[in-house]
Amino acid sequence: MRSDRGQRAPLGLKIAAACGLLFLHLPILLIFVYAFTTEEKSFVWPPPGLTTQWFAVTWNRPDVWDALSLSVRVAAISTAIALVLGTLCAAAVSQTRFFGREAISLLVILPIALPGIITGIALRSAFSLADIPFSFWTIVLGHATFCVVVVYNNAVARFRRTSGSMIEASMDLGADGFQTFRHVVLPNIATALLAGGMLAFALSFDEVIVTTFTAGQQQTVPIWMLEELIRPRQRPVTNVVAMVVVLVTLLPIFSAYYLTRDGDQIAGSGK
Amino acid sequence: MTIAAVQSNPTPAILPGSGGLRGALSDLFWRRPKFLLLLMLAPPLLWLGIVYIGSLFALLAQSFFSIDEFSGLINREFTLKTYGDLFQAANLDIILRTVTMAALVTLASAVIAFPIAYYAARYARGRWKALFYLGVMLPLWSSYLVKIYAWKLILAKEGILTWLLAKLNLLWLLDGWLSLPIVGGNSLSVSFTGTFIVFVYVWLPFMILPVQAALERVPGNLVEASSDLGASPGQTFRNVLFPLALPGIVAGSIFTFSLTLGDYIIPQIIGTSRLFIGQAVYSQQGTAGNIPLAAAFTVVPVVVMGFYLWGAKRMGAFDAL
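Chains as they are written, first to last, in this note's numbering: chain A, 1 to 271; chain B, 272 to 592.
It should be emphasised that the hints constitute simulated quantities derived from the structure, not laboratory data.
What you are looking at is a predicted structure, and each value in this text was computed from that prediction instead of being measured.
Cβ atoms here follow ideal geometry from the backbone N, Cα and C, with glycine treated the same way.
Be careful, since some hints might not be right.
As the list claims (entries may be wrong) - Listed next, with one range per pair, are the computed distances between beta-carbon atoms:
no., chain 1, residue 1, chain 2, residue 2, range
1, B, Glu429, A, Trp65, 40 to 46 Å
2, A, Gln53, B, Leu449, 32 to 38 Å
3, A, Pro187, B, Ile324, 44 to 50 Å
4, A, Leu173, B, Ser498, 30 to 36 Å
5, A, Pro187, B, Pro314, 45 to 51 Å
6, B, Glu340, A, Gln53, 35 to 41 Å
7, B, Pro514, A, Trp65, 40 to 46 Å
8, B, Lys305, A, Arg161, 21 to 27 Å
9, B, Phe306, A, Trp65, 47 to 53 Å
10, B, Asp446, A, Asp66, 55 to 61 Å
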């Protein structure tokens, strides 16, 4: 029994925690205001006026739509690959003990633990050594590699909570391996996989550092934004795209949270 | 159901195999779990082994090549000359600047993260706990570029921060800070201070999560026992809380340190023209076309992180991840 229930936090701690959370959230909220500003040339605050015309302008920009379509396709395929590889790896690591198990978890985490620029330039130099031209698939190759870890983390956490005796019981009752997988294992890990898949999608959709090395001339949404950040051409359109990106990434985070909240694992730990 | 009914309809203890290819495979997997294990591990290991480890070795190999200074062509022969170039004063400056920035960012993140993590771990319950969790996860997963963009809006000369300070009659403070050497500059968005703030902002959630995980495991009565024994809150923090939270802080610092070492986008968008390791790598492989030097540069963060991880493991940081 914990004895600290109902205890009040010291005022200083409350203020420090509240300030920290505000520091994390206010900048993102600011984006929403700027999407409506009438000012075109600078980032002046407060906005001289409010308008919704930039949404229409952005809607009619083919380059934004092209970037969006490429990003969605890359994220979808990378997520699919990561789901298969991450689940297989998690199943193997959590259900059995074997030599080199630790090394495999390290190998999965490495693409995210090492700075992105290393993954990026490593892939690029490999492509150049092997004479592989940049294409849709070179982007997918990079993204799938670091998306595996997100699926893996979620799946491993769920496998740990799933009792192995359920699988044995299923086999004892006469189900073969495939039936056991379909009717016992899959329902147990489905929500974790869905959560992992969504986070992997969000991760791929947002990734820019590795992509700059593997995309060549192609533009995903983050690359489009990066170009605008370095050489601003149309600030209002960038504001609107930024706001839409924030809204779009909120969805998978909330869904992943609701899918895994009954567990004690942290769905996104070690992004 | 009566006992007789069960006895009259006996089920064999061992069911016959279901037959067919599917049955045979299923039986094989059951009899030889090692075969199943191999089959499960092969695809992810092949993928990561070939795509990732293969690429890393390709990169490492490149760092032992050198560039011909006259023709600009890459000479594919083993040499340590490129690593020698790394020790030129200009390049050492870049490395030192990046490592210093990474250390400062890690320190600041730890200081800001601790109260949030402590409150969430010890006092937040039920709905508030969920709110804190989402409050950290949302910024963590929000778009990286959008976060940088938001700070470009905030730190711009005509932006909200200058406006706010003007309203509070504190502009002299900002001007005074900007006139300082090294940390100052024309405006916050082109100074090291700006780079530092954005680094801390972007990597802060990576620090909060492991610190919170470490603090969740500290029993509340330990803190009470400490104050019962006459320790002041400061002493309790120094002698009880901080040592127990340290593995979490070290685990978080792995992320903040490593991510700062490798980032090239934040200092490019918000910062001075003086380079960080990431920018040096990017410009060497891009405009300069000197892939060997770029590769040698990337070995620096790997080596630094290697030592860092080794130290972190000794402090038990991996249990807090």
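Practice problem: Check the following: the C-beta atoms of aspartate 446/B and aspartate 66/A are separated by a distance inside 55 to 61 Å. | Solution: violated, 44 Å
Exercise. Confirm or reject the claim that proline 187/A and proline 314/B have a C-beta distance inside 45 to 51 Å.
Key: Violated: the Cβ-Cβ distance is about 23 Å, outside 45 to 51 Å.
Quiz item: Given a hinted range of 30 to 36 Å, is it respected by the beta-carbon distance of leucine 173/A and serine 498/B?
Solution: violated, 56 Å
Quiz item: Does the Cβ distance between proline 514/B and tryptophan 65/A fall inside 40 to 46 Å?
Solution: violated, 54 Å
Self-check item: Range hint 44 to 50 Å (beta carbons of proline 187/A and isoleucine 324/B) holds or violated
Solution: violated, 35 Å
Self-check item: Assessment of proposed distance window 32 to 38 Å (beta carbons of glutamine 53/A, leucine 449/B)
Solution: holds, 36 Å
Exercise. Hint says 47 to 53 Å; check whether the CB-CB distance for phenylalanine 306/B and tryptophan 65/A agrees.
Key: Given a distance of about 48 Å, which is inside 47 to 53 Å, the answer is holds.
Quiz item: Would you say the C-beta atoms of glutamate 340/B and glutamine 53/A sit inside 35 to 41 Å of each other?
Solution: At 54 Å between Cβs, range violated.
Quiz item: Is the hinted range of 40 to 46 Å satisfied by the C-beta distance from glutamate 429/B to tryptophan 65/A?
Solution: violated, 31 Å
Practice problem: Hint says 21 to 27 Å; check whether the CB-CB distance for lysine 305/B and arginine 161/A agrees. | Solution: Given about 25 Å between the Cβ atoms, the range holds.
Figure legend: structure checked against the earlier numbered hints; hints not met, in rising order: 1, 3, 4, 5, 6, 7 and 10.
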